[in-house]
Each structure stands twice: as structure tokens, then as C-alpha cells.
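K.L.:
Sequence order for the protein chains is H and B. The opening position of the first sequence corresponds to residue 3 in my numbering, with each subsequent residue numbered one higher. The opening position of the second sequence corresponds to residue 658 in my numbering, with each subsequent residue numbered one higher.
The set of hints was computed from the structure by calculation and includes no laboratory data. Note that the coordinates shown come from a computational prediction; the quantities given were computed from them, not determined experimentally. Please note: incorrect hints may appear among the correct ones.
[Said to hold, decoys possible] Simulated DEER-style distance windows between Cβ atoms:
| no. | chain 1 | residue 1 | chain 2 | residue 2 | range |
| --- | --- | --- | --- | --- | --- |
| 1 | H | 88 | B | 698 | 20 to 30 Å |
| 2 | H | 86 | B | 758 | 39 to 49 Å |
| 3 | H | 89 | B | 825 | 45 to 55 Å |
All C-beta atoms, glycine included, are put in the ideal place defined by N, C-alpha and C.
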Amino acid sequence: MLAISLSPCLAATSAESLAFLEENWASAGVHTLCSGLQYRVLNNSTAERSPTLDTPITMHWEGYGLAAWQNDGSPFYTTRAGDGPMPLTAAEGVIQYGSNPDAYLPGVLTPLLLRVWRR
Amino acid sequence: MSAWEEALPRMAIGDKWEVYAPSELAYGDDGMEEASGAVAPGEAVVYVLELLSMDGAGAPRRPPPRDAAADAAAEAAAEAAEAAEAAEAAEAGGGAGLLRRLRDVQDLRSWAEEAGEQRTLVLALLRAPSSCVLRKAVAAAATTHGPGGRAAFAFSSESAFVPSVLEQGLGLAAPAVSQHGRNAPSWPRQRWPLMARGAPTLAHGGTLGAPWAAELNYSHAAWGPLGR
Numbered sequence: 003m004l005a006i007s008l009s010p011c012l013a014a015t016s017a018e019s020l021a022f023l024e025e026n027w028a029s030a031g032v033h034t035l036c037s038g039l040q041y042r043v044l045n046n047s048t049a050e051r052s053p054t055l056d057t058p059i060t061m062h063w064e065g066y067g068l069a070a071w072q073n074d075g076s077p078f079y080t081t082r083a084g085d086g087p088m089p090l091t092a093a094e095g096v097i098q099y100g101s102n103p104d105a106y107l108p109g110v111l112t113p114l115l116l117r118v119w120r121r
Numbered sequence: 658m659s660a661w662e663e664a665l666p667r668m669a670i671g672d673k674w675e676v677y678a679p680s681e682l683a684y685g686d687d688g689m690e691e692a693s694g695a696v697a698p699g700e701a702v703v704y705v706l707e708l709l710s711m712d713g714a715g716a717p718r719r720p721p722p723r724d725a726a727a728d729a730a731a732e733a734a735a736e737a738a739e740a741a742e743a744a745e746a747a748e749a750g751g752g753a754g755l756l757r758r759l760r761d762v763q764d765l766r767s768w769a770e771e772a773g774e775q776r777t778l779v780l781a782l783l784r785a786p787s788s789c790v791l792r793k794a795v796a797a798a799a800t801t802h803g804p805g806g807r808a809a810f811a812f813s814s815e816s817a818f819v820p821s822v823l824e825q826g827l828g829l830a831a832p833a834v835s836q837h838g839r840n841a842p843s844w845p846r847q848r849w850p851l852m853a854r855g856a857p858t859l860a861h862g863g864t865l866g867a868p869w870a871a872e873l874n875y876s877h878a879a880w881g882p883l884g885r
């Protein structure tokens with residue numbers, strides 16, 4: 003299931019980025035979710051509860067374009083400078099980044115469509 | 658769905674994650690440009706997220722999915738066990754129903770010749786992270802249906818996207834399980850959903866065709882998808 007959902011994204015993510023994700027997928031310590039999102043745990047706490055989408059949280063975050071990240075470039079945003087930890091909810095991340103969700107909806111749907119089509 | 662929406666509900670307070678997001682889960686085909694930096698259209702985004710506090714009960718933390726490296730290690734262990742099994746079987750003089758790993762087209766040709774046309778043959782083209790359970794099933798298929806059945810597999814452990822050398826040699830585009838023979842079993846779809854997936858797909862479209870059949874000197878009709 004992992005393979006199929008991650009696999010041939012026909013649009014959206016660029017070839018270089020896909021190549022990175024495909025390689026990264028097999029790296030030690032990297033987990034891949036069905037959506038294609040990958041993560042590596044840098045610090046693992048013992049807490050047993052997670053926020054839901056509407057739980058108010060505060061977090062530090064840094065965001066890098068892949069090219070910047072690979073070349074030790076600077077983040078396009080970081081809470082470590084300026085305003086400090088950011089209060090938000092997980093669902094707000096959608097609004098923040100989904101200024102024009104229609105523009106990339108096909109990219110989101112492609113793996114799903116492929117999955118159905120392959121049956 | 659966004660990267661944060663996916664990641665944050667899986668994190669707990671104190672967790673720090675490095676998250677790699679395909680563009681579909683980040684800025685998509687539009688990209689983003691701000692004074693502090695830009696993300697190109699279609700570019701993946703790397704986030705470093707550190708959850709500091711939450712206000713509310715939340716939900717129980719979910720266990721992480723299996724990671725690919727652990728899968729690969731399990732595959733390697735399974736392969737070693739298989740090799741030992743195969744050696745034992747060869748010593749015992751049997752060799753029937755041996756599950757063999759094929760590296761390339763040459764391997765495939767000699768395997769098919771050895772087996773002869775009267776045998777039940779099952780060929781599986783697998784890619785990570787397919788389980789060793791599937792491989793055992795392939796072997797069982799050959800041995801339980803008709804005497805002297807043989808099974809072979811070609812496996813690409815690099816990634817689910819990278820075809821094995823054999824697949825490339827045959828011009829196939831998708832992993833598959835295929836079989837040949839008089840006693841070829843039919844596979845109940847409910848019990849073996851992976852096995853029933855169908856015939857190999859050629860890189861240029863269409864299913865089971867010339868390159869495959871020509872390599873094996875078998876007619877197109879002789880090889881068929883499982884679970885018909």
C-alpha cells in the first residue's frame with residue numbers, strides 16, 4: 003500500500019524532489035506514511051498523547067525548500083528568529099499552505115486514482 | 658491535506674521531527690516566494706517541527722509505521738534463510754519445487770529450460786517492500802499443484818519504484834506474478850489478493866507480450882495471469 007500510494011506521481015512533485023524522496027525512503031530511521039510524507043525522529047519524547055487537528059498547540063518550526071536544505075541554505079521561515087514559538091492548530095497548517103488548494107488537487111488525487119485504476 | 662495535518666497528530670509534546678513533504682503536501686505546483694526564501698513549483702519541502710505544548714487532552718499517540726530500513730533487514734534475513742533451505746533441498750537430492758532467485762534474463766532462460774514444458778512454473782517479479790510471505794506463497798504454489806512444480810522470483814530490494822534487472826531485461830513495467838503449465842492453479846482473489854494482480858505489464862503499455870514470450874520460447878497464450 004505504501005508503494006502504490008507513493009508511486010508514480012504523474013504531476014506535481016518535481017523529478018529532482020521525487021528522486022530525493024525515493025532515495026530517502028530507504029534511509030535508516032525514515033518512516034513513510036501512506037500519503038507519501040516522510041519523517042525522521044530527531045527527539046522522541048515519552049508523552050503518550052498527541053494533538054488532534056483542532057487542539058491548540060505551540061511549536062517551533064523551520065521550513066526549507068529541498069534545494070536549500072540539501073545545500074545547507076537558510077530556511078524560508080523559522081520561529082527560532084524573531085517571533086518565537088508559534089501558536090496554532092494542525093488544521094491551520096492547511097489554511098496557511100492551501101492558499102490555492104485547487105491548483106494542486108490533481109497532484110493529491112493522482113496516487114488515489116492510480117490505486118483504483120490498478121485494481 | 659497538508660504535511661502538518663499529517664505529521665502533528667502523530668507527534669507528542671517534546672517530539673522533534675524532520676519532515677520531508679512531497680509538494681502535494683506543501684506548496685504544490687504554485688511554489689511560494691517570500692522575502693526570506695522561496696520554494697520552487699513542485700519542490701519538496703523539509704520541515705523541522707518541534708511540538709512544545711498543547712492545550713487539551715488530545716488523542717492517544719499512534720505507533721509509527723514500519724520503516725524501510727527495518728524491512729530491508731528483514732528481507733536480507735529471509736534471503737539468507739532461503740539460501741540455507743535451498744542448499745538443504747539440493748543436498749537431499751530433491752530440488753523439486755525449489756524457489757530460485759533469478760538475477761537476469763539469462764537466469765530466466767536457463768531456469769525455464771531446466772524445468773521443461775511439462776512443469777508447473779510460477780514466476781514472481783517482486784519489489785520491496787513485498788513480504789517474504791508472498792515469496793513463500795509463490796513457492797507453495799509450484800509445489801502443491803502438480804509434482805515437480807518450480808517457482809522462481811526476481812526481486813528488486815532498492816525501492817518499490819525500481820524494477821529488478823530481470824524486469825528491465827524483459828521490458829516489463831510492473832511487478833507481477835505469472836505462471837505456466839498444465840496444472841497451473843487458479844488463485845482465489847480473496848485469499849491471495851497480491852497474487853491475483855495479473856499479468857506483467859510491458860513498459861510501452863499492454864500486458865504480457867512478445868519480449869517475455871520470446872525469451873522463454875513459449876507462446877503468448879501459455880502464460881496467463883493468476884486468478885482468472
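K.L.:
Now tell me if each hint is right for this structure.
P.N.:
Against the structure, the hints come out as follows:
1. H:88 <-> B:698: 20 to 30 Å: holds, 25 Å
2. H:86 <-> B:758: 39 to 49 Å: Hint violated: Cβ distance 56 Å, outside 39 to 49 Å.
3. H:89 <-> B:825: 45 to 55 Å: holds, 52 Å
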